[in-house]
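Asks: Residue strings, one per chain:
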Amino acid sequence: MIPVNSHQSLGLQDKDVLNMYYYMLLARKVDERMWLLNRSGKIPFVISCQGQEAAQVGAAFALIKGEDYILPYYRDVGVVLVFGMTPRDLMLSAYAKAEDPNSGGRQMPGHFGNKKLKTVSGSSPVTTQVPHAVGIALGAKIKQERLVAFTTFGEGSSNQGDFHEGANFAGVHKLPVIFMVENNKYAISVPVKKQLPVDSVAVRGAGYGMPGVSVDGNNPFEVYAAVRAARERAINGEGPTLLEAVMYRLVPHSSDDDDRAYRTREEVEEAKKRDPIFLLERYLYDVDLLDDKKHQEILDKVMKEVNEATEYAEHAPYPDIKTIMDHVYEG
Amino acid sequence: MIPVNSHQSLGLQDKDVLNMYYYMLLARKVDERMWLLNRSGKIPFVISCQGQEAAQVGAAFALIKGEDYILPYYRDVGVVLVFGMTPRDLMLSAYAKAEDPNSGGRQMPGHFGNKKLKTVSGSSPVTTQVPHAVGIALGAKIKQERLVAFTTFGEGSSNQGDFHEGANFAGVHKLPVIFMVENNKYAISVPVKKQLPVDSVAVRGAGYGMPGVSVDGNNPFEVYAAVRAARERAINGEGPTLLEAVMYRLVPHSSDDDDRAYRTREEVEEAKKRDPIFLLERYLYDVDLLDDKKHQEILDKVMKEVNEATEYAEHAPYPDIKTIMDHVYEG
Amino acid sequence: MAILSYIEAVTLAMREEMKRDKDVFVLGEDVGIRGGVFRATNGLYEEFGENRVIDTPLAESAIVGVGIGAALYGLRPIAEIQFADFIFPAANQIISEAAKMRYRSNNDWNVPMVIRAPYGGGVHGALYHSQSVEAVFTNVPGLKIIAPSTPYDVKGLLKAAIRDNDPVLFFEHKRLYRLVKGEVPETDYTLPIGKAEVKREGDDVTVITYGLMVHYALQAAEKLEKDGINVHILDLRSLQPLDKEGIIEATKKTGKVIIIHEDNKTGGVGGEVSAIIAEEALFELDAPIKRLAGEDIPAMPYSPPLEKEYMLNPEKIAKAIKELAEF
Amino acid sequence: MAILSYIEAVTLAMREEMKRDKDVFVLGEDVGIRGGVFRATNGLYEEFGENRVIDTPLAESAIVGVGIGAALYGLRPIAEIQFADFIFPAANQIISEAAKMRYRSNNDWNVPMVIRAPYGGGVHGALYHSQSVEAVFTNVPGLKIIAPSTPYDVKGLLKAAIRDNDPVLFFEHKRLYRLVKGEVPETDYTLPIGKAEVKREGDDVTVITYGLMVHYALQAAEKLEKDGINVHILDLRSLQPLDKEGIIEATKKTGKVIIIHEDNKTGGVGGEVSAIIAEEALFELDAPIKRLAGEDIPAMPYSPPLEKEYMLNPEKIAKAIKELAEF
Ligand SMILES: Cc1ncc(C[n+]2csc(CCOP(=O)(O)OP(=O)(O)O)c2C)c(N)n1
Ligand SMILES: Cc1ncc(C[n+]2csc(CCOP(=O)(O)OP(=O)(O)O)c2C)c(N)n1
Ligand SMILES: [Mg+2]
Ligand SMILES: [Mg+2]
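Residue numbers (the working numbering), protein chains in the order written: chain W, 1 to 331; chain G, 1001 to 1331; chain V, 2001 to 2327; chain X, 3001 to 3327.
Hints in this document: simulated from the structure, not taken from any laboratory.
Note that the structure is predicted; figures quoted are calculated from it, not measured.
Be careful, since some hints might not be right.
[What the hints assert, rightly or not] Within a straight-line C-alpha distance of at most 20 Å, the following computed PhoX-like cross-link-like pairs (lysine-lysine) qualify: (1) V/Lys2199 - V/Lys2252; (2) X/Lys3265 - V/Lys2244; (3) V/Lys2265 - X/Lys3265.
[What the hints assert, rightly or not] Cβ-to-Cβ under 10 Å is the rule here; a few derived chain V residues that face chain W: (4) Asp2055; (5) Pro2057; (6) Leu2058; (7) Phe2088; (8) His2129; (9) Pro2305.
[Stated by the list, open to error] Facing chain W, according to a computed beta carbon distance under 7 Å, are these residues of chain G, among others: (10) Asn1159; (11) Pro1197; (12) Val1203; (13) Arg1204; (14) Ala1206.
For each residue, glycine too, the CB sits at the ideal point set by N, CA and C.
Construct the entire structure; sequences and hints are all you get.
Replies: This is the structure we're talking about:
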């Protein structure tokens, strides 16, 4: 389903594409491991990236690490990995250990944040990061620094007032910010047709004087190209862009959810045929960037990282209870 | 500027048009009187409809009194008059007297409300009425009653989250509600180009799966036709409509404002040439519905009402201070 | 009489009221076919259909704001906020609109709406799925606020809330949903909003509390009984209005008062309760009015040892009561 | 030393800080060419340009949320909420985001932002332009809350707030804007957040208060002086954190405490102050802790007699103090 030999024309080198594959696989395997750990009672909670890795990794590849800011949402394992978060970091967070760089074990997994990686701390109430991204872009404009703020959120979350207020503010001030909706068709149990009266969130861009672009979220190259174009626009002072990457949430909402209550197994199985990992694998085989041996090598590398990360996190210490009052205020 | 003989084709009879003129003039004269009373220290505050009467009266004429609900905003003197609020009611409110049917003198003028008139009580924080209108429309749908909820707000206020959340909800559930933006070019001192990255709020309709229609707010017939069409749609289960009536706020934001700080006198003078009262007068003369005598008759009638209302309100009693604790809760 | 869990009592109250009055309906996120993320609306969609059990878009200000509109129209909405932590996007609709509608319209319009929200911690919910948010709303006249502790109280108070003609915030402690079971009559009873209840008689120390802490206090009292300390426990049940007489009576009972809540201490409901006593029953006191409450941190951490450290428990409570008894 | 009005002190503090630190900027509704509806940002647009004095769209959640983002980026935003009554659309950004950012990121990110909001009544502002909203935020650790009463305190505390590395709500009593003038040094001074100040020494009755009520209490004290009643007045200045030691010391001074605020009594800041005293200085008391506060109505009515009835004034205050003195 990814058109053969489409990556070159987008300026992606062969090694980039393999690298994308690596990150997508890494995200998937970290995620799968967390489910296992959850089901065996080792960690209390997982929220998944499964099905969204292509969009996440494709997007992050179009940004510039060290310059751009990201304000990811809870599913963005792919985004944060590309930006430098390690599987160990993620596992430390899943186990709520002291060394977790996101929050020192204070927040649930999926609440990413790391100043060094320009990854802005996120919370649970959805869509609050949208105005923050706009504020960072405003800051960059005031300070005349060339960078973008990139933020993501679900299609359900795009119905929060903060989306509207943030997008409008960015539009008025032509700020260097990229809004990317990861439309995975569900908001917990609520299907997109009960969330939105339109087929695509991207149509809302026009209302904020910005391009609204909908792309195939299972194709990392398409997402890469769209984010790259949006970044260009932003950096050139042409203002924000609203992107929508369309995909499917392959697993339940979270480890607390049971999706059999609200969607059929057939629907899920059907979607699995477009699993982005699988599609990119097929592409890589088709364009001869991957064969069984190379494939196994990558898989081994990924699994080694996941194993080591799990091992490390499992044995890492919890935060000291004496720290509970720390950092309410400065000092 | 109103095309000659345009009212008949819209289904408006001569007497309707004269009636519209009467209400517009009444709104204007009530408003002008309030400024006088304010400047002479008799009432603490005025917020004006001046320049917006055509849109307000045109819209209200397209609704059905006794069936439809209105959720007006603070400038909608024209809307509420057509729906049955009297100049006396308005003056009682301006003087904050006990008999004020809007709030018993508890709220500032412009905070309309009267259950008998299906005029829903409004507050000061802008745009909160938008979800209320949607909720009324939802109620009507649940109870299968044929009516619409009509709500208005300024173009600045359309940037609040509540607009987005309300419009989206209405779109998803295809509810019988009409959103009308009165785009008078300013939100206090902030011109529309600092509020909106688009030329017209109406373009946002598409994002909510509803028609977005922008009309000349100085032409009551155009507004009437647009609201009537929106009402048809709504009643037929086709869902909500977003209308924008474009006009100009002819006076300062309120009696506390001084608009010389932020807009030129030339700009205001220019806009006064399109004063909707003046345009409709010219139209009525042109189509021979008005001559000097008739004009004077209407003016006399209006001024008599305004005078009597002022007189009555001025001498009406204040609420008893013993009532201050009443109606926090039922009983 | 059936033995129901706390959450079953929630569901039952809604079901009974929806049967009784066709104007009652439910709206919120995932309340439909999913039956709510906690399953509080379980079965209602099947029984009453999608016109009366409405899955809304993910937008709390609209859930409450649209609910207000429907209430103005004459319906009786029950809005579910999925977690109390997510009530703040709706703060303006609750505080500026629902709470003030009757007063501002001089009794012309009113908002008969219930807003249900699961709150509280001890469920690995971390910073944003564990909060106690009730105190934010206790400075807002026009609202009623309920926080029941038992299945019996849940049914009686939720039914009362649904029939009330003013907006009611109904806070359900999510840790209690399946932890606590109790007898719930099949009869159609309601309980008065604004009345506290003595959950245990005693004459040494008075505990004033609500929610999960009622149970922890009861456990602490059992333990202390053996040490010869008799604990009197008042369950506030309603946080707005507070039952002043009940509070003062409970104070008189022992002369030693400790107020306990899971919520942060500073600015919590305990402050108001203490102030009422200090203003109206000072000379009944034999000891300072103590407050035992959550630490003043932004919210409860995820990491199990930190969560445990934050949460009060029967041991911490027993210790504090004992200290006060020995004062 | 210049004599400035309260609002001039607000403007001066911002101007000085904007000169001192180019990362400080202002955003809000009508703050630009209009200089704010109260004129608090008067002249700043002309002096610092539209890049640092930003007229935002009419959307409070964005004003605060965008401010938070800019603060995360390293700037120091001063966000103006036009009237405190309109802060609630931003409640989620304030409570869930600004207040929790440092804690949730384990000290990695922080929000050095000031949110200024004119509050309070007595200005014919009616239900939605007169509210005292401070108590809604006092249960939220992570925020600091300031409510100064004099031009001197305004300048020192606003400058401290701007330099603070955590989010600060800065409530300005709008009735004081032009009512009160006072000496304001030209020097670059700050005042400590969290410190109350004794505004009058006395030994019969202690008044604990803040904002406009400080002035009314001072007037009442003048009057009572003639009756031989010496009133001790503590101006809290900061509502979060509260100055516990200052409160206890002021309590000890007289043994008779009356807490006064314009805000509704129930759930107001007075409850917390009273609870602190009842917990930590009970035996210093010679009388019940009194609270004199706004009636528990949703907000202050427009009609002049009702507004007057709602507002406390020096007479009502003197009466209450006198009663307490005679207790
Ligand atoms: C303000 C708020 N309300 C409710 C929730 C509970 N909640 C968490 S995720 C979610 C669904 C989000 O759906 P969507 O935006 O489509 O993102 P997805 O999970 O599908 O990626 C809900 C309702 C929340 N986190 N925040
Ligand atoms: C939530 C909120 N924020 C701020 C205000 C203060 N305010 C009152 S009217 C107004 C401008 C409204 O502009 P617009 O929506 O264009 O309506 P107009 O007054 O121009 O008709 C502002 C900022 C308010 N009433 N509510
Ligand atoms: Mg989704
Ligand atoms: Mg306008």
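Asks: Run the structure past the numbered hints and jot down the numbers of the failing ones, going up.
Replies: Hints that this structure does not satisfy do not exist here, as all of them hold.
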